[in-house]
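Participant: Okay, here's what each chain looks like letter by letter:
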Amino acid sequence: MSTAIAAPEFVGTRKWRKPPFIESKLLRHGLLLITIVYLIAAFGSIDVNWERVYLGLERGWKFIVAFSRPDFISRWSDIRDGMIESIIMTIASTVVGVLVSIPIGLGAARNIAPLPVYLICRAVVAISRALHEIIIAILMVAIFGFGPLAGFITLSFATIGFLSKLLAEDIESMDKAQAEAIKATGGSWPQWINYGVQPQVMPRLIGLSIYRLDINFRESAVLGLVGAGGIGATLNTAFDRYEFDTAAAIIITIILIVMALEYTSGIIRARVQ
Amino acid sequence: MAVRELASGQKVWMRRDQWSQLTIWFTWFVGVAIFVFCWQQISSSTTWFFIWDAPRIADDIISRSMPPDWLYVNKLWWPLWDTINIATLGTALALLMAVPVAFLAARNTTPSATFIRPIALLIIVSSRSINSLIWALLLVAIIGPGVFAGLIAIALRSIGFCAKLLYEAIEEIDHDQVEAITATGASRWQVMAYGIVPQIMPAFAGITVFRWDINIRESTVLGLVGAGGIGLQMQASLNVLAWPRVALILFVILIAVIISEWVSAKVRGAII
Numbered sequence: 001m002s003t004a005i006a007a008p009e010f011v012g013t014r015k016w017r018k019p020p021f022i023e024s025k026l027l028r029h030g031l032l033l034i035t036i037v038y039l040i041a042a043f044g045s046i047d048v049n050w051e052r053v054y055l056g057l058e059r060g061w062k063f064i065v066a067f068s069r070p071d072f073i074s075r076w077s078d079i080r081d082g083m084i085e086s087i088i089m090t091i092a093s094t095v096v097g098v099l100v101s102i103p104i105g106l107g108a109a110r111n112i113a114p115l116p117v118y119l120i121c122r123a124v125v126a127i128s129r130a131l132h133e134i135i136i137a138i139l140m141v142a143i144f145g146f147g148p149l150a151g152f153i154t155l156s157f158a159t160i161g162f163l164s165k166l167l168a169e170d171i172e173s174m175d176k177a178q179a180e181a182i183k184a185t186g187g188s189w190p191q192w193i194n195y196g197v198q199p200q201v202m203p204r205l206i207g208l209s210i211y212r213l214d215i216n217f218r219e220s221a222v223l224g225l226v227g228a229g230g231i232g233a234t235l236n237t238a239f240d241r242y243e244f245d246t247a248a249a250i251i252i253t254i255i256l257i258v259m260a261l262e263y264t265s266g267i268i269r270a271r272v273q
Numbered sequence: 001m002a003v004r005e006l007a008s009g010q011k012v013w014m015r016r017d018q019w020s021q022l023t024i025w026f027t028w029f030v031g032v033a034i035f036v037f038c039w040q041q042i043s044s045s046t047t048w049f050f051i052w053d054a055p056r057i058a059d060d061i062i063s064r065s066m067p068p069d070w071l072y073v074n075k076l077w078w079p080l081w082d083t084i085n086i087a088t089l090g091t092a093l094a095l096l097m098a099v100p101v102a103f104l105a106a107r108n109t110t111p112s113a114t115f116i117r118p119i120a121l122l123i124i125v126s127s128r129s130i131n132s133l134i135w136a137l138l139l140v141a142i143i144g145p146g147v148f149a150g151l152i153a154i155a156l157r158s159i160g161f162c163a164k165l166l167y168e169a170i171e172e173i174d175h176d177q178v179e180a181i182t183a184t185g186a187s188r189w190q191v192m193a194y195g196i197v198p199q200i201m202p203a204f205a206g207i208t209v210f211r212w213d214i215n216i217r218e219s220t221v222l223g224l225v226g227a228g229g230i231g232l233q234m235q236a237s238l239n240v241l242a243w244p245r246v247a248l249i250l251f252v253i254l255i256a257v258i259i260s261e262w263v264s265a266k267v268r269g270a271i272i
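So the protein sequences, as listed, match chains A and B.
At position 127 of the first sequence (counting the first as 1) the number is 127 in the numbering used here, and the numbers step up by one without a gap.
At position 52 of the second sequence (counting the first as 1) the number is 52 in the numbering used here, and the numbers step up by one without a gap.
Keep in mind the hints are simulated off the structure, nothing from the lab.
There could be a bad hint or two in this list.
Chain B is nowhere near these chain A residues, computed Cβ spacing over 10 Å in every case [claimed, not checked]:
hint : residue
1    : VAL100
2    : LEU225
3    : ARG269
4    : VAL272
A few chain B residues that face chain A, going by a derived Cβ cut-off under 8 Å, partial list only [what the hints assert, rightly or not]:
hint : residue
5    : VAL30
6    : ILE34
7    : PHE35
8    : TRP39
9    : THR46
10   : PHE50
11   : TRP81
12   : THR88
13   : SER126
14   : ILE134
15   : GLY144
16   : PHE148
17   : ILE214
18   : ARG217
19   : LEU238
20   : LEU254
C-beta: ideal position from N, C-alpha, C; glycine also.
Taking the hints into account, I'd like the entire structure generated from these sequences.
Facilitator: Structure, rendered in structure tokens:
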């Protein structure tokens with residue numbers, strides 16, 4: 001280092017190199033080696049039937065072409081009923097999910113809940129988050145039978161895991177002084193929650209609920225695959241019968257509704273936060 | 001501030017004036033009405049007889065699935081390996097495609113804000129709004145059932161997610177560093193490599209692990225539509241009503257998801 005400064009004639013003979021992203025040499029090369037070994041093992045274990053893929057390309061092309069002329073008309077009543085059912089499931093499950101997740105979120109916040117309540121609420125959140133919606137939907141269909149009620153319960157349950165966790169994290173990071181001030185006035189526990197905690201987390205709660213509405217709609221589109229109501233059943237039938245133009249129409253409708261929801265939710269979230 | 005005058009002439013403080021109070025009540029009224037309507041629709045398409053029966057059915061299913069068929073776990077290692085491969089390779093493939101899309105979508109790096117940026121945003125939205133199960137359904141119809149279809153489905157779904165978070169990270173970079181590199185006379189690519197990439201690297205790594213964790217969860221169910229992984233075993237066991245096996249598979253999935261979430265949290269904690 002000092003020689004480089006003392007003898008400027010050496011500058012330029014040593015090439016500058018970009019500092020590596022991971023500093024430890026052992027870790028860097030080790031990770032690279034592990035990655036290469038894994039990739040070889042993983043690719044080795046996937047057997048792709050290229051002949052089948054090649055045959056499928058033609059069908060894939062047909063599907064892409066179908067997007068340029070989607071068929072909304074011939075199955076219009078099915079598409080409309082499925083969409084309405086999806087939207088109904090979405091709204092009902094978001095409302096119920098939010099209502100249930102508020103008490104669970106309060107219970108899962110360590111700074112306001114006693115330990116036993118905290119553990120129970122965290123367990124509910126963990127189970128709800130770990131299992132994919134479709135798995136829950138399968139169990140619900142087995143228990144409650146086919147139809148939108150199973151989808152409604154599934155989405156409500158999934159909403160609880162998502163919303164309670166984020167709400168609890170928000171409550172845990174709230175400003176203690178405000179809550180303390182309410183306690184100091186002699187407020188009871190409900191008053192403490194209502195005036196000390198609720199105003200602090202309300203904007204985020206509204207934002208998250210609207211975001212969840214968006215997610216629930218997207219999820220409701222696949223619940224039909226396992227018989228839990230919504231547009232998924234129609235989509236599945238369309239694929240099974242290779243009616244790609246109807247499938248394209250359904251997918252385009254889903255994309256448009258999601259875009260509209262995302263746009264409005266963006267506006268509302270920007271206003272409350 | 002709203003003030004109401006009593007008949008005696010005394011002024012009383014109120015939180016809102018009459019009109020805004022009325023608007024709020026009306027909004028609540030409409031909201032409740034919509035919810036009641038939705039509930040009625042769900043209720044009318046439900047056979048309530050089955051619902052009253054549900055506790056007994058649930059009890060029956062639980063008693064049938066206990067104890068789980070522990071020995072079946074030996075047949076699950078291979079599907080589990082497939083599931084992890086679908087998630088990992090799918091994430092890698094998605095990143096390969098998401099990086100260029102993100103650079104095209106970010107306001108400060110896009111070559112053309114009027115033509116190319118909307119296309120990139122459209123790619124992101126379409127990829128995000130379609131669930132990976134729908135992609136899988138589509139790909140199984142096109143290229144046949146198997147791990148490969150699941151891998152592509154996960155990749156297609158993840159492009160939008162990764163590209164969206166990445167382009168937001170690109171838009172938030174510190175512009176001074178980019179300017180400094182530009183001032184040395186660097187070419188466009190050099191500016192990208194030395195001015196932009198080092199700044200978004202931590203975000204990139206974080207997004208990768210985050211999405212990988214989600215993908216593990218998603219790839220466990222892809223088998224239900226024939227796209228490989230542990231879901232295939234679950235579908236097969238469900239079809240023959242082998243509840244002890246279903247219980248074991250659910251248990252294995254739960255463990256896998258918890259481990260992946262733990263790994264993801266550790267790695268993200270180390271990066272950020």
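Participant: Each of the hints needs a verdict: does it hold here or not?
Facilitator: Do the hints match the structure? See the list:
For VAL100/A, the requirement that its beta carbon stay farther than 10 Å from each beta carbon of chain B is met, with the minimum near 14 Å. The beta carbon of LEU225/A sits about 6 Å from the closest Cβ of chain B, which is not more than 10 Å, so the claim that it is off the interface is violated. For ARG269/A, the condition that its CB be more than 10 Å from all CB atoms of chain B holds, with the nearest at approximately 15 Å. Remark: the non-interface label on VAL272/A is consistent with the geometry, its nearest Cβ contact in chain B lying 14 Å away (cut-off 10 Å).
This hint is violated: VAL30/B has a C-beta 12 Å from the nearest C-beta of chain A, more than the 8 Å allowed. Proximity of ILE34/B to chain A holds as hinted, the smallest CB-CB distance being about 6 Å (cut-off 8 Å). With 8 Å as the threshold, the beta carbon of PHE35/B comes within range of chain A, its nearest partner Cβ sitting at about 5 Å, so the hint holds. For TRP39/B, the interface hint holds, the least distance from its beta-carbon to any beta-carbon of chain A being 6 Å, beneath 8 Å.
This hint holds: THR46/B has a C-beta 4 Å from the nearest C-beta of chain A, less than the 8 Å allowed. Because the beta carbon of PHE50/B sits about 4 Å from the nearest beta carbon in chain A, less than 8 Å, this interface hint is met. Interface hint at TRP81/B: satisfied, since its Cβ lies 7 Å from the closest Cβ of chain A, which is below the 8 Å cut-off. Taken as an interface hint, THR88/B checks out: its beta carbon lies about 7 Å from the nearest beta carbon of chain A, inside 8 Å.
Because the smallest distance between the Cβ of SER126/B and any Cβ of chain A comes to about 6 Å, under 8 Å, the interface hint for this residue holds. The restraint placing ILE134/B at the interface with chain A holds, with a minimum CB-CB distance near 6 Å, inside the 8 Å limit. Checking GLY144/B against chain A by beta carbon gives a least distance of about 4 Å; that is within 8 Å, so the hint holds. A hinted interface residue such as PHE148/B counts as satisfied when its beta carbon comes closer than 8 Å to some beta carbon of chain A; here the least separation is about 5 Å, so the hint holds.
Proximity of ILE214/B to chain A is violated relative to the hint, the smallest CB-CB distance being about 10 Å (cut-off 8 Å). Because the beta carbon of ARG217/B sits about 5 Å from the nearest beta carbon in chain A, less than 8 Å, this interface hint is met. The criterion of a C-beta within 8 Å of any C-beta in chain A is met by LEU238/B, whose closest approach is roughly 7 Å, and the hint holds. Interface hint status for LEU254/B: upheld, as the beta-carbon distance to the closest one in chain A is roughly 5 Å, under 8 Å.
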